[in-house]
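Enquirer: Just so you know, the sequences run in chain order A and B. Using my numbering, you'd call the opening residue of the first sequence number 1 and step up by one each time. Using my numbering, you'd call the opening residue of the second sequence number 1001 and step up by one each time.
Hints listed in this document are in silico derivations from the structure and should not be mistaken for laboratory results. Even for Gly, the Cβ is constructed at its ideal location relative to N, Cα and C. Among these hints, one or two may not hold up.
Taking lysine-lysine pairs in the DSSO-like style, the calculated list, with each CA pair at most 30 Å apart, reads [claimed, not checked]:
| # | chain 1 | residue 1 | chain 2 | residue 2 |
| --- | --- | --- | --- | --- |
| 1 | B | K1257 | B | K1213 |
| 2 | A | K245 | A | K15 |
| 3 | A | K163 | A | K250 |
| 4 | B | K1257 | A | K367 |
| 5 | A | K245 | A | K5 |
| 6 | A | K255 | A | K245 |
| 7 | A | K255 | A | K89 |
| 8 | A | K250 | A | K410 |
| 9 | B | K1174 | A | K43 |
| 10 | A | K289 | B | K1174 |
| 11 | B | K1048 | A | K367 |
| 12 | B | K1022 | A | K367 |
| 13 | A | K89 | A | K5 |
| 14 | B | K1176 | B | K1213 |
The following residues of chain B were derived to be distant from chain A, with all beta-carbon distances above 10 Å [stated by the list, open to error]:
| # | residue |
| --- | --- |
| 15 | A1032 |
| 16 | V1094 |
| 17 | G1118 |
Far from chain A, some chain B residues (derived; all Cβ distances over 12 Å) [to be verified]:
| # | residue |
| --- | --- |
| 18 | K1048 |
| 19 | E1068 |
| 20 | A1099 |
| 21 | F1178 |
| 22 | L1179 |
Here is what each chain is made of, one letter per residue.
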Amino acid sequence: MDDSKFWPQGVTRCKPGAFIAWMLVCLGLGGWAMLSAFLCIYKGLNQTNMNDFFAFGVWIVVDLAIIALGAGAFFTGFMTYVLRRDELKNIINAAVIIGFICYSGAILMLGIDIGQPARGWFGFWHANVHSMLTEVMFCITTYLIVLIVEFVPLVLENRQISKVPDLSFFAHNLHRIMIVFAATGTFLSFFHQGSLGGMYGVLYARPFAYRTGIVIWPWTFFLFILSAIASGPSFTTLIVMLTEKVSGRKLTSHKVKMMMGKVSAYLLSFYLVLKIADTLYWANVTLPKMGVTFGELYGGGPYGTYLVWMELGLFGVLPALLLLQRRVRESYGLLALAMVLNCCGAVMNRFVMTIQPLAIPVLPFEKFVGYLPSWQEWGISAGVIAYGLIIFSLAYRYLPIFPQEVELNKG
Amino acid sequence: MSLADRYSAGEHRFGMVIDVDKCTGCGACTVACMSENNVGVLFDETDKLRSITWMRVYQIDNGRPFPETQVAFFPRPCLHCEGSHGQHTPCVSVCPATATDYDEHTGIVSQIPTRCIGCRYCVGACPYHARYFNWFDTPWPSGLERPLNPAVAPRMRGVVEKCTFCYHRFQRAKNKAFLSGGKVEEMDYQTACTEACPSGAITFGDLRNPNHKVAQLAASPEAFRLLERLGTNNKVYYRTSREWVRRKADNYLQDEKTGQVAASQGGGH
Chain A
1 MDDSKFWPQG VTRCKPGAFI AWMLVCLGLG GWAMLSAFLC IYKGLNQTNM
51 NDFFAFGVWI VVDLAIIALG AGAFFTGFMT YVLRRDELKN IINAAVIIGF
101 ICYSGAILML GIDIGQPARG WFGFWHANVH SMLTEVMFCI TTYLIVLIVE
151 FVPLVLENRQ ISKVPDLSFF AHNLHRIMIV FAATGTFLSF FHQGSLGGMY
201 GVLYARPFAY RTGIVIWPWT FFLFILSAIA SGPSFTTLIV MLTEKVSGRK
251 LTSHKVKMMM GKVSAYLLSF YLVLKIADTL YWANVTLPKM GVTFGELYGG
301 GPYGTYLVWM ELGLFGVLPA LLLLQRRVRE SYGLLALAMV LNCCGAVMNR
351 FVMTIQPLAI PVLPFEKFVG YLPSWQEWGI SAGVIAYGLI IFSLAYRYLP
401 IFPQEVELNK G
Chain B
1001 MSLADRYSAG EHRFGMVIDV DKCTGCGACT VACMSENNVG VLFDETDKLR
1051 SITWMRVYQI DNGRPFPETQ VAFFPRPCLH CEGSHGQHTP CVSVCPATAT
1101 DYDEHTGIVS QIPTRCIGCR YCVGACPYHA RYFNWFDTPW PSGLERPLNP
1151 AVAPRMRGVV EKCTFCYHRF QRAKNKAFLS GGKVEEMDYQ TACTEACPSG
1201 AITFGDLRNP NHKVAQLAAS PEAFRLLERL GTNNKVYYRT SREWVRRKAD
1251 NYLQDEKTGQ VAASQGGGH
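Okay, chain B solo, but in the shape it has when bound (with noise of 0.2 Å):
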């Protein structure tokens, strides 16, 4: 199936390709969404199952003794999946007060904080640990409210929240696409993580556009995605050259070969 094809109607399909090879697992993508998206830093940050990290770095290794011990990172952001059909995210569906929203336009999975009744049930749903409860307070310390983005609301204590793709970034690409009277441009909307990572192991734009390099790179034999065959049909794409990593992204029976399972579920009912 193209690229294309892979998802449904609308005039964008955001995504991203993270070339593991590529990746130091050095957490500036981390650090960059947690400042541009004003997700703040809690008393104890040691309690990474509370903590909050849009942009969370995954370490994994191929289980070999030194010296062939391999090592590699998955950055994982939200996967802004689309299921079978167009709004059938894992997480979209299950929400009961529409706190969260699938954009038909652009394919980002939305989260409306101020909507949001804190019931948890989009977490369970999400297999990639995505999403993000606030179980405390952020605590906001006498001047360090002065370096928050004016383009994006902190969010409460008791709501979901996770990574929208700065979406913030796209609004303020559409808002200059506007006055120039053009279109919004492959480099005008960047996220944050993106435009953070200093080996270049990052790729975002239009999957949809075919002159995106993103849309190039994904369209590549060893481009994939984490729990593919779950049919989450998600829009981040990792890329790698290494067989144990890509064996790593999905699960597999023990006579099935990498990479060669297609989507069994597709979305669910």
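Bound conformation, chain A alone (with noise of 0.2 Å):
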């Protein structure tokens, strides 16, 4: 079985019994998620180790992970086709379909996280204008629809789906109004990760999640924005990476790679100045007037005060320090290790945002309560990265989206 033809023009991929091999195990781990989405649909979220206390868990932990990884796309675009700095034109592509990846993996995986998912669309028909969640609903649905408009090109420059004439045309008319779409996804996008931060934020009776605010933004819109763009850039770098060592092919210049690592480093730097100026605020005023102090919040359980350090810390300030610095930017160890951190530190946000909130009892005479995920809950969470392997992986091997490829691996 040869499918060479399919390949994008003057590039080689690995053989096909590899890659169906690495596609098996893809489909394992798809089918581990399918047997809990369907066990969580037919039986209920019982299957799940969720309760009462812990209304949610490790899958809107992955969502808004995955959803402020995402963010790369639409920042990417922005810089790309709003800020005009054609440099990142090669890297855009991988953008925008992780950005799709992880958009797309999140709504799949909502539509399981909750109770009645053939009611999703209530949240369109009946919605709550006041309610943050409403707005992630629709701006992340519409954002959707505005990253498989950007990816429909990269589809049609297929080799073989290029030779139609019609098909090459649309797409190349696709390619010349981008920037509408472009600006039309930072739009909705700048939006909806406001609205996840600010969904906790807006929580005034449980003081670990609530911050004060501008107007109807608790500060965690903003902040949320800010660790998205941060570090959706890197993460979408770090992909970029990874494939280049699995593959053994250089894909974008380093160029390219260090301009991605100055914008993480310098938005980086800004966000952790106002998370740092948030953090002592909540700590030193906002909670004083709830009645609790910063040490009962990071005191109970599993979730002490070694989490402030890690994600202000070492997933927060020491990758802000390395990515600023040029000779950091110019290693690839160096680039990659600092882009980790800087992802980890979008993640555990994500993480202590979600969980910890519910994790505190916030009655004085409530007992606290832990909680560990299921089976099921690791399997979609496991489905959700699997999907994005296999969509990354098939878009690597027969779509051009690294357009300095051929050039960088002349000889």
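Grab the two chains, each in its own frame, and use the hints to assemble them into the complex.
Expert: Shown next, in the form of structure tokens:
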């Protein structure tokens, strides 16, 4: 079986046997997810270890994390098409695909997470305009449509598909108006990244989550946007680096990766200044007014103060300091390390903001309750990762997503 | 601030006063509530993190060794918060599908199970754990459907439910008032838990009506609300003469005096 005629012009890919074996591994994870999803839909969410104390579990953490990491798509699109940083055209395709994977994966996951999946559309039909979650639903769905529009011309550029003149013409013209979609995507994505943060900040009866803010927006609204656009470009670059290591081929110049690192560095630094200020204000002003102390909120069970040091120090200040240095960005390994730490920070922030507000009892006579996900919850989480691996592997194999690949691998 | 000024404009503001010093923790209110509102019995009721108890009785103690040990009980229905401005309860404001609603006329926080998508955002938003998700299909073994209350629809798996202050009883009282040409009287609308309490610890009525006993009790200096300083501005009051009980009802910094801290947040954004 030879599929080389479907490969992008002038590049080589691994043998079909190896590719199929890799797909089978991913499909195995997918099978685990399918079984878990079937059980959750057929038998109900009692298949999870969530309960009335942990109304949100690992799925929401993964959801928020991949949506934050998928922010590389809209922010790279914004820089490429709106700010006209032409250098980034060499990575924008990968960013779009990763964004598509993250957003579609998150929506698939949410479809299982809600107790009545068939009623998912009620959020549109009976929309409560006061709810941050309503805004999240609207923006994620519409932004996914934008991502599909951005993804379609990439699919149509496949070597065989592009031979069809009408499809080629369609793809070419879609490319020409991509700035419109990039700008729309930026607008939508800004808002829902913020609304995801707002979802927690408005919980005024949950001291751990509640934040003061401006007009209707709690500070978490702005912090979530910033942490997403700080980690998104890093995640996109990391996936490209990972693909380079697995395939043994150079896909983008190091200059592009350095630029993405620089963007992450400045945004992460800015985010950290605001996040640390927010944490200090929350700990010293907001919490005492609610009758609780920072120590009480970070003293329960496994949720100790080490989480703060990890989130803001190891996964915050350290990668920011690393990425700010040109020498670090010039080194492939150090750049990757700093970016991994940066992405871990975003994931950890989403974990802390999702799980800890629920874990810490608010009623003084309430007891602390623990939560560990069930195998079905892990299965669906792993399934989203498998889904991403499958889509990205297929895209890498059959679509010309890296304009520099041919030139970088000459000789 | 007077009792009437605590809440937004509206014909009624139904609420409750629960006398903690009278409550014996017998659980009759819980049972009456389950029976009245068709809350089923799950196969495994030992899992209290997933079972449904609209009216839950919390047991607390003063933390002192015997013989100084004292015990008290906090029966906890949905507290029907109002927040700082009418509809800004912690839960109503967050529901994406408007499946929970704040009734401007009665002040009752309703739940519409057939519209709930089961996202559980409201469950996370409520600090009182008054909201319950249906993790299981409720089994109704043969024969158990016969005592079902026809005025209350049983809920399906995958939706959230909670205490409604027996809203169907209010509807019934309104019908009676309409037919007789009068008004809804205090005793025409009483919740099942209030009626069931053998020690008379629960008093229910219209907080807006100064003739109702509940309004007089809620205005007492010994009346307080759970987590009052968070600004949930709810309508379920408790009463005790014991300082330690009152201190357990809210979060305090070490140097703060019990009951002397005003609500600070006022319902957020």
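Enquirer: Next, verify each hint and record whether it holds.
Expert: Structure-based check of all given hints:
no.	hint	verdict
1	K1257/B with K1213/B	29 Å, holds
2	K245/A with K15/A	16 Å, holds
3	K163/A with K250/A	27 Å, holds
4	K1257/B with K367/A	24 Å, holds
5	K245/A with K5/A	24 Å, holds
6	K255/A with K245/A	17 Å, holds
7	K255/A with K89/A	12 Å, holds
8	K250/A with K410/A	10 Å, holds
9	K1174/B with K43/A	40 Å, violated
10	K289/A with K1174/B	42 Å, violated
11	K1048/B with K367/A	12 Å, holds
12	K1022/B with K367/A	24 Å, holds
13	K89/A with K5/A	25 Å, holds
14	K1176/B with K1213/B	22 Å, holds
15	A1032	21 Å, holds
16	V1094	5 Å, violated
17	G1118	2 Å, violated
18	K1048	9 Å, violated
19	E1068	18 Å, holds
20	A1099	7 Å, violated
21	F1178	29 Å, holds
22	L1179	33 Å, holds
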